[in-house]
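Colleague: When we follow our numbering, the leftmost residue of the sequence shown carries the number 24, and every step to the right adds one.
Source of the hints: derived by calculation from the structure; they are not laboratory data.
Backbone N, C-alpha and C fix where the C-beta goes; we use that ideal spot for every residue, glycine too.
Some clues are possibly wrong.
To be verified - Subject to a maximum C-alpha distance of 25 Å in a straight line, what follows is the list of computed SDA-like cross-link-like pairs (lysine to any residue):
id, residue 1, residue 2
1, Lys843, Tyr638
2, Lys743, Lys863
3, Lys838, Lys863
4, Lys735, Tyr638
5, Lys865, Val848
6, Lys445, Lys735
7, Lys582, His474
8, Lys634, Gln592
9, Lys980, Val948
10, Lys735, Pro598
11, Lys863, Asn305
12, Lys321, Val546
13, Lys735, Val948
14, Lys634, Glu668
15, Lys102, Lys838
16, Lys279, Lys321
17, Lys319, His474
18, Lys321, Gln592
19, Lys581, Gln592
20, Lys634, Gln728
21, Lys445, Pro598
22, Lys165, Thr264
23, Lys793, Ser767
24, Lys102, Asp117
Stated by the list, open to error - Label-pair restraints from in silico Cβ distances:
id, residue 1, residue 2, range
25, Pro418, Pro367, 41 to 49 Å
26, Thr669, Thr1078, 27 to 35 Å
27, Arg410, Arg1048, 31 to 39 Å
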Amino acid sequence: MRCVSTVATALLVVIFFSTNTIAQSTYATVSGFVQDPSQAFIPGVTVTATNTQTGVTTTVITNESGAYTIVSLLPGTYKLTAELAGFKTQVISDVQLGQSATARYNFTLQVGALADSVEVTAEATALIAETSPTIGQVLTEKRVRDLPLVSNNVLDLMAVMAGVRGATLGESTTFAGISTGMVNTSRDGLSVQDGRYANGVGSTTQVHPDMVGEFRVILSPVDAELGRGNGQVQILTRSGTNQFHGTGLWTNRNSKLDANTWQNNKQVVNGVWTPGQPPWINRNQLTGSVGGPIIKNKTFFFVLWDHQIERQRFNVRPVVLTDCARNGIFRYWENWANGNTLQPTSPAGGNPAITSVDSSGNPVRPATNPNGSPYTGQLRYFSVFGRVTNTPTRPDCSDAIIDGQPWDAFRTGPDPTGISQKYLSLMPHANRFDGGDGLNTAVDQWVYRGHNNSNFGLATGTSTDTDRRQINTKIDHNIDSRNKVALNYSYEWLDGDYLQTVASAWPGGFTSQVIRRPKVLTVNYTSTLSATLLNEARFGYRANQHVIWAPWEVTDPKKAEVPKSFLLQGAGAYPIAYAPSSVAATGATAANTMSVNNYSCLTNCAQQGNKTPLYDYADTLSWTHGKHAFKGGVDVRFAYTRGSETGTPTIARATGGGQASLPATAFANTTNFPGLVPNNQGTAQSMLYFLSGSLASANQIYFIQSPNHQNKWMSYLDRKRKISEPHENEFAFFFKDDWKVRPSLTFNLGLRYEYYGVPYEGQGLSIVPKNGGGLALLGVSGRSFDRWLRPDNGVNLDLVTELEFVGPKTSQPNKSIYPKDWNNVGPAVGFAWEFPWFGKGKTNVRGGYQVSFVGGGHAGQLSNAIFQTAGFTNTATTAGPLDGSYFNTVNLPGLVPIPPNSLPMQPIPILKQSVNGAAFDPNYVTPYIQNFTLSVTREVTRNLSLDVRYIGTRGVKLTGFFDLNIPNVFYNPALFDAFERTRRGEDVELFDQIFMGLSLVSGRAAVNGTTQRGSEHLRLNTTFRDLLANGDFAGAATQLNIFNGFGTGPTGVVTGVAGERGTVLMRANLGINVPGGVSVAGVPPVRAGLFPSNWISANPQFNAATYYTNSGSSNYHSMQVQATMRPTAGLNFQGTYIWSRSLETPL
């Protein structure tokens, strides 16, 4: 669940996992009473608010109760004037009004001539004047400008805000105990978060400090106008004034004086300490702004241009083949696993490792054998294509003589299509030997130079470290004294590159292209209908468009030519992205692996993009009557996101390696390769696969884009990217009353109603399980949690999970993925009281309570279900020709397109396949958060105030999810006991029954219940032994549930249909040596029915069965003590101490 935001005018719509909203009015409100010296209320007094920067005035008359309310004031600095014949004019100057602020300023008029005036300053009483119980922090334009901010991103000021806990702006950071996933970031009332990705606090366009008029953080709201969750980050942009002002700013960030990295400083080359070149960044940000009057006292403008020029340089260290390996020559020291110069000597285990080269790449003879005896072995050479009959003397082993008798009957020589040789010609040569295995793979260290850091954040909106341009314009126009309009527009151009593994990129390679084009538009129209009635209409539009093009898709045709040349062509114009095998030791990390995807991504390209618009229409009506200031409004929001994700690339992809039926096994022969340990065998095997053009598999994704496409799949030729289009619409209305009971006491009373529409897929692809909604995801285990995780549940085949299309553009337009929730009514009750004791106007007590509903944010969950659920997509896979012959680059093109193995939306079989499902709880409701606030503000001196606050929040029925297929081990006493006893070294009959007639250990006889026990095999099996040793019984149960056996041959692997998993348990459930069961000679019988398909996981139709429900909760309590010193001799200070406690139920 993700979302949060503002109020009665917020257009939020959270798409994917994000939170986006448009917020309440940004205008400020001033109210109060006018009294005479006897404390009698005076009607008919003219109260005028004058914006000292624009000269615009707003005038009201006190009513019969002596009360006045001035609404719709543009945030800024004001002078308040109260005038009535027979009394001296009273002026309150330097009144600072922030966005959405509600302040109380009372006047006491002295008898005298109207021309006489009494002037006081409001600065010292600003905190006392606050009448809203909402708690937050405010940074004025001057403070935003004065605070140091290296990034020039105003959102980084979050770090100085009290009550905000976390090092980043992501969802792990909290506002008063509530995740930033439920915090809205708004600019001039409009949500400016990305709209598709869950980035926490953020803005789709960067917000430069020079464009900010005020920065406000709301921790805990108590205001019916504030809705859609809790915290708010509100940014008010600057407006023009009656004077022309402009700024020009050049900011340069240069890392010249930065320290070098540890990795660079420790490098040794040719025996000499040779630190690598330090990483370098040079960021020039050119900002210019100008603002002023178009028509004095009437129309104003402000324009800001922000241009960032980024240049970065850092060391890149791809693993490459050494010169000998490029010629197919593999080298190793007998009995040792090859190690680079940083490899510590590790003699234990089956892969004892030692440094095998020096810093120049010369072989270094070990001093000892792994057992500690003097070393008696030698450096061995062999070609992956045959025996070397001499000892090569040239550095690249090009003088090696190969006997012409290949080790492998299928992989007899270099790739016949020349693809691997093409990559070899582009592969850089090794110049560092502190990576790879030293002898056959090493590192090419080179300096990457680019105009960004090539990271994924450029696409998702979490990074702007690239070339960027932005234009911002704002116009405020006072049509007449009763009508005014404000318009704000921003547009940004962001262009960058993306490399999935930039730290391992080859020089001269090709990157993906990233394009982002976010825009923001807000229009506010305010009309004074009468002296007591005001209407504000608002429209907001926020759109983001981004795309990541694969190297062969980039917009520059010349740049796309070379990457296109690496694509193979299948039949019918189907392109194939093929990457030869990577080269590394068995189990090596990516940092020690050679991969051609580091030259130009092929099988791992990011191919995604989206268009994500948000529309908001809102209207607010304010009415002043007596001591009451009523306000009500309505907000309607429409949002959707149309895009594709990298997880479902439609282009056919082929991966080099060894096909399962014909692996390369020659290097395990200890006669031909004496002392070749398993890790070295793995490196040699992958070298053979790479150089020969051997393939492991190829796959192609098919998909549907309409509920009417159930008889035919779509493919790459129909649409190059699979599209999903989640929609999520909302509306809200509120009514509130700020009741000025008397000059020192105000009550804030309100109600807010919010409706969050059930998300749906715009093409008609919303799905829900039949006959039970989300509970039907339990499948054969029933339709209730009463017996969930019970091993004796039984299998009811009449309850298998079936899916159906629901919602717009389907045959069931009135059904939805979960029921509509119509009863989201939340109260907001607060008060503000000027304490009458210890000095009039010196102490203010405020407090309140509000229920805020948290909606939206499910479109991403819907989209993920569409991407992942079986039936929507079909991944057709081939491991080679149907006749089982050798699979390589020669016959690959003839196998593409790969035929799909089923039609769309077919019943999902009970085969424990690696497919996922997801659904919502049929009783899902909108989550809500309760807010409790109480604060006491005391003016200690004229320039010093102290604020003591209590903030409490309580999250109720928060959206969470869990996997219905979590392994049933803790509620399965027989299985738990068997694991526990097996871990202790005992032998358990249960595992004999499961594995009877099978061998789980290479070279061992099959389990027979006497001389070979199932528990013993588990303790020795590579899949289970570490899980048992670590006490990870849940992990062991998961592996057992999908276990198909170990090794090859009839005594090791239990075969099933294509894609089936858990065949070992399936076999055991049939029974051993019983009617209808499995016949195994020489072992005792095993009764049938002991291990039904749901014995460990509830629904054997799925791998993961994700159930979205109201499983989360949270509570937070805190005390804040804040001291504020207003400017004194040019110095101001604010310090806050916070004590807090936060508890959260995992979501």
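Colleague: If a hint holds in the structure, say so; if it doesn't, say that too.
Modeller: To see whether the hints hold, each was checked on the structure:
1. Lys843 / Tyr638: OK: Lys843 and Tyr638 at ~22 Å, within 25 Å.
2. Lys743 / Lys863: Status violated; Cα separation ~72 Å.
3. Lys838 / Lys863: 61 Å, violated
4. Lys735 / Tyr638: 35 Å, violated
5. Lys865 / Val848: 36 Å, violated
6. Lys445 / Lys735: Outside the cut-off at roughly 38 Å; violated.
7. Lys582 / His474: 16 Å, holds
8. Lys634 / Gln592: Not OK: Lys634 and Gln592 at ~31 Å, beyond 25 Å, violated.
9. Lys980 / Val948: With Cα atoms ~8 Å apart, Lys980 and Val948 stay inside 25 Å; holds.
10. Lys735 / Pro598: Distance ~20 Å between Lys735 and Pro598 Cα, so the pair holds.
11. Lys863 / Asn305: 56 Å, violated
12. Lys321 / Val546: Distance ~17 Å between Lys321 and Val546 Cα, so the pair holds.
13. Lys735 / Val948: 37 Å, violated
14. Lys634 / Glu668: It holds: about 12 Å lies between the C-alpha atoms, which stays within 25 Å.
15. Lys102 / Lys838: 57 Å, violated
16. Lys279 / Lys321: 49 Å, violated
17. Lys319 / His474: Violated - the C-alpha atoms of His474 and Lys319 are around 43 Å apart, more than 25 Å.
18. Lys321 / Gln592: 66 Å, violated
19. Lys581 / Gln592: Satisfied, since the Cα-Cα distance of roughly 20 Å is no more than 25 Å.
20. Lys634 / Gln728: 17 Å, holds
21. Lys445 / Pro598: Roughly 18 Å between the alpha carbons, so the hint for Lys445 and Pro598 holds.
22. Lys165 / Thr264: 15 Å, holds
23. Lys793 / Ser767: Violated: Lys793 and Ser767 sit about 60 Å apart, past 25 Å.
24. Lys102 / Asp117: Cα-Cα ~6 Å, so holds.
25. Pro418 / Pro367: 41 to 49 Å: For Pro418 and Pro367 the Cβ distance comes to about 27 Å; the hint is violated.
26. Thr669 / Thr1078: 27 to 35 Å: Holds - the Cβ-Cβ distance for Thr669 and Thr1078, about 33 Å, lies within 27 to 35 Å.
27. Arg410 / Arg1048: 31 to 39 Å: Given about 36 Å between the Cβ atoms, the range holds.
Of the numbered hints given earlier, the model fails hints 2, 3, 4, 5, 6, 8, 11, 13, 15, 16, 17, 18, 23, 25; all others are met.
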